[in-house]
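Construct the complete structure from the given sequences, taking the supplied hints into account.
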Amino acid sequence: MKLKQLEGLLGSLEQFSNPKIELEQYPTGSHIASRMLYTAENSFGDVKNKVVADFGCGCGTLGLAAALLGADHVIGLDIDAQSLEIACENADELELDMEFVQCDIKNLTWKGQIIDTVVMNPPFGTRRKGADMDFLSVALKVASEAVYSLHKTTTRDHVRRAALRDCNASSAEVLCELRYDVPQLYKFHKKKEVDIAVDLWRFVPKKKQ
Amino acid sequence: MRLLTHNMLSSNIKGVTNGFPLRIEVEKVVEKQVDFNPNFLKNMFSKIDYKALLEASRIMGYAELPDHADPSSLESDDFLRRFHHALLQLHLEEGSLVCPETGRKFPVNKGIPNMLLHEDEV
Numbered sequence: 001m002k003l004k005q006l007e008g009l010l011g012s013l014e015q016f017s018n019p020k021i022e023l024e025q026y027p028t029g030s031h032i033a034s035r036m037l038y039t040a041e042n043s044f045g046d047v048k049n050k051v052v053a054d055f056g057c058g059c060g061t062l063g064l065a066a067a068l069l070g071a072d073h074v075i076g077l078d079i080d081a082q083s084l085e086i087a088c089e090n091a092d093e094l095e096l097d098m099e100f101v102q103c104d105i106k107n108l109t110w111k112g113q114i115i116d117t118v119v120m121n122p123p124f125g126t127r128r129k130g131a132d133m134d135f136l137s138v139a140l141k142v143a144s145e146a147v148y149s150l151h152k153t154t155t156r157d158h159v160r161r162a163a164l165r166d167c168n169a170s171s172a173e174v175l176c177e178l179r180y181d182v183p184q185l186y187k188f189h190k191k192k193e194v195d196i197a198v199d200l201w202r203f204v205p206k207k208k209q
Numbered sequence: 001m002r003l004l005t006h007n008m009l010s011s012n013i014k015g016v017t018n019g020f021p022l023r024i025e026v027e028k029v030v031e032k033q034v035d036f037n038p039n040f041l042k043n044m045f046s047k048i049d050y051k052a053l054l055e056a057s058r059i060m061g062y063a064e065l066p067d068h069a070d071p072s073s074l075e076s077d078d079f080l081r082r083f084h085h086a087l088l089q090l091h092l093e094e095g096s097l098v099c100p101e102t103g104r105k106f107p108v109n110k111g112i113p114n115m116l117l118h119e120d121e122v
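Chains as they are written, first to last, in UniProt numbering: chain F, 1 to 209; chain R, 1 to 122.
There may be inaccurate statements among the hints.
Said to hold, decoys possible - 25 Å max Cα-Cα, derived BS3-like pairs, lysine-lysine:
1) Lys32(R) with Lys106(F)
2) Lys111(F) with Lys105(R)
3) Lys51(R) with Lys111(F)
4) Lys28(R) with Lys51(R)
5) Lys111(F) with Lys14(R)
6) Lys208(F) with Lys141(F)
7) Lys42(R) with Lys111(F)
8) Lys2(F) with Lys20(F)
9) Lys20(F) with Lys28(R)
10) Lys208(F) with Lys51(R)
Please keep in mind that the hints were generated in silico from the structure rather than gathered at the bench.
Just so you know, these numbers come straight off a predicted model, no measurement behind them.
Quick look at the structure:
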């Protein structure tokens, strides 16, 4: 599938109808989502025929992108039932198989080493400090091949240090810098739309016993 | 919920030391067609817990998986097709997942297990 096609399909997905600020719910735009998964597949072969988990999947954009690129089993995890409902509808709309589990990422325990790749657009930790690192830490425990994640460019040094020192990563690489369009979603947003710089990261977990 | 997903989930209640596998209580099972991909199945076989899959598939009303399987079973197309069906095509649509240690039930509605914990379980 071409990048343009992928972006087009993702652009048709339903997004949050009543976003919840305490969960830092922001839609992952089709521009970013398509580039993220396209890179994961075409540069690293981390998607096709793999088991992929989408952490904090929201409306399912990243997981569905993985399914479109040929992942064999995709699981979306989110704490919010309403988001999962929209994600299910999105999967039906695209006639894709995607599994969903309602859970709190930081309390998650997984059995075995079934998941190859984790993709996520985690909360950036602006509402609850450390939320982004909680996600990353669990992702690196669960994934056996790679973790793709978005983090604010302003936190680059911190993310690299924490990933390598505290989160079990054997490597942490910024693949590119992207513009994340933040639409005027919440009351405290003064401007109509802003874009912030985010890094697309690829982390490799240390090999497990 | 596919049984492949069930094979990864474990009870995460505070104090529980062996929360796997979750016992399945069935209200409704559905079957969905999935493309047959032998390479994926062979790869999965080495990663999953076969006994948990076997028991889960029987509870879901599918009795065609053999009691024992090892890597040599993967040479049989017949086995692969049964394994494919059990792992990917059977879905728990409505029911519960029960913690083997505490008996706490995690409900499954519209195919989505709710693994959220109460405050005193974290």
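Task: Violations among the numbered hints, reported as their numbers in ascending order - done: 1, 8 and 9
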